[in-house]
Structure formats: structure tokens, C-alpha cells
Amino acid sequence: GEDVEQSLFLSVREGDSSVINCTYTDSSSTYLYWYKQEPGAGLQLLTYIFSNMDMKQDQRLTVLLNKKDKHLSLRIADTQTGDSAIYFCAESGFSSGSARQLTFGSGTQLTVLP
Amino acid sequence: EAGVAQSPRYKIIEKRQSVAFWCNPISGHATLYWYQQILGQGPKLLIQFQNNGVVDDSQLPKDRFSAERLKGVDSTLKIQPAKLEDSAVYLCASSGTSGRVTDTQYFGPGTRLTVL
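Here the protein sequences come in this chain order: R and B.
Numbering-wise (the working numbering), the first sequence opens with residue 28 and increments by one.
Numbering-wise (the working numbering), the second sequence opens with residue 83 and increments by one.
Derived from the structure by calculation, the hints contain no laboratory data.
Any given hint might turn out to be false.
[What the hints assert, rightly or not] Covered stretches of chain B, going by a simulated chain R footprint (3 or more residues, C-beta under 8 Å): (1) 119-132; (2) 189-196.
[Claimed, not checked] Below, simulated DSBU-like cross-link-like pairs (lysine-lysine); rule was C-alpha separation at most 35 Å, straight line: (3) Lys63/R - Lys165/B; (4) Lys93/B - Lys153/B; (5) Lys144/B - Lys63/R; (6) Lys97/R - Lys126/B; (7) Lys97/B - Lys63/R.
All C-beta atoms in this analysis are idealised placements derived from N, C-alpha and C, irrespective of residue type, glycine included.
With these hints in hand, go ahead and build the complete structure from the sequences.
Set out below in C-alpha cells:
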């Protein structure tokens, strides 16, 4: 089945840029997503990118997509302590059912040090 | 606008007992999802409803899990009987009227289940 891989941990200093990477296997993915999960909370959609795009920018967030290598990254500029959370990459693809579903990676724990 | 509501927030049961979780989606959202998130992993979809019909339940362990959304609004997920490996956070999400994958899914805070 589809697989989404992420590194587990990332630490950065406040004010630096963070780059979280993700690889996926489903070549039929149409959309790729980044979600943020803070402790004890549900998932919050940060941004998504259509598979025919290679970059999308939204304020401090920049998403880069290399479709040939099936590699997705999320760059957070000027990282703040409030950005500390788990970040999930997700791709849309067809499950064994009839509808497109989201497949999530295991998440990257971002720690922002003062 | 109120978000997705879930209850209870925490539940501790012994194996072989039964448990039920409740979800109230955002008003007007036709699509409702139940996910299982095991510690250290990303959420895994269990079942997806469009109004009161099941769109996909291919990853729901039907020998012990059941879910319903009788009036197309609230939903209940039940586990009977529970196993140790069912310990996880159960997330409910809802999305807008079209059911397309690009519709933003709004997540509730989840129910953390511990099976002893």
C-alpha cells in the first residue's frame, strides 16, 4: 500500500528556518498536505500543494515538491517557540475502498529552542 | 463557529470490555471521518461517512469495531470487545459538502483510549 516517511525529530533555534522533509510512494497522489498537531489537540491543516506544482508559499511557510523523487518539504521561516509541535505529511490516494483517502506519515517532532 | 466536538476526552477500560466514542461534526459538514492514531504514528482512517452513508470502511476491523451516523449528523464509534492493541487516540474529523479530498478536514481533540 501507500507509504509516507518522515524523520522523527528536528530541533532548531528560535529565529532560524526549519525544514521538515517527507517522501511518499504513491505516484497517483494528487494533493499533498502538511498538518500540525499540538499536545492534546487534533490536527490543523497548515497548507497543501497540488501535484502539478513544485512550490507554494504562504506567509512563513514554503512547500517544495519534487514529484520525480516523490519528495515533499515544508520550510518554516523565522521559527518561533509557538511552532513547536508534531508536523504530519499526508498524501491523497485511492485506498482499497472507492474514495480517495489521506495517508499520513508518522510525524516529525519539531522542537524550537530559545 | 464551533469546532468538531468529541467525548469523552479520556477513557480507561479493561480488555474485553466495550467502549463508545461520540463525535459531533461542524454544523453543515456532510463528510465525517474516524481515525485511529497509535502513539508515535500518524492517523489511520477507519471509516468515512457521506451524510448517513458509508463511503469507505475498508480499514475498519469489523469483527470488533462498528460505527454509525444515523441522522447524518452525530456519529458513534464502538469497540466490542476491546483489545490491548486498541489503545490509541481516536480522532473525528469533518469536511464540507462536496466530499472531495481537497475539502479541508477539521479535526476534533480526540478521545484517548487506554486498554489495560
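Each hint tested on the structure:
Under the rule that three or more residues need a Cβ within less than 8 Å of chain R, the assignment of the region 119-132 of chain B holds, with 7 such residues. With 4 residues bearing a CB less than 8 Å from a CB of chain R, the region 189-196 of chain B meets the requirement of three and the coverage assertion stands. With a C-alpha separation of about 29 Å, the suggested pairing of Lys63/R with Lys165/B holds against the 35 Å cut-off. With a C-alpha separation of about 26 Å, the suggested pairing of Lys93/B with Lys153/B holds against the 35 Å cut-off.
Note on Lys144/B and Lys63/R: the hinted pairing holds, with a Cα-Cα distance of about 30 Å set against a maximum of 35 Å. For the hint linking Lys97/R to Lys126/B, the alpha-carbon distance of about 21 Å falls within 35 Å, and the restraint holds. Restraint check for Lys97/B and Lys63/R: satisfied, since their Cα atoms lie roughly 32 Å apart, inside the 35 Å limit.
Every hint, counting from the list given before, is met by this structure.
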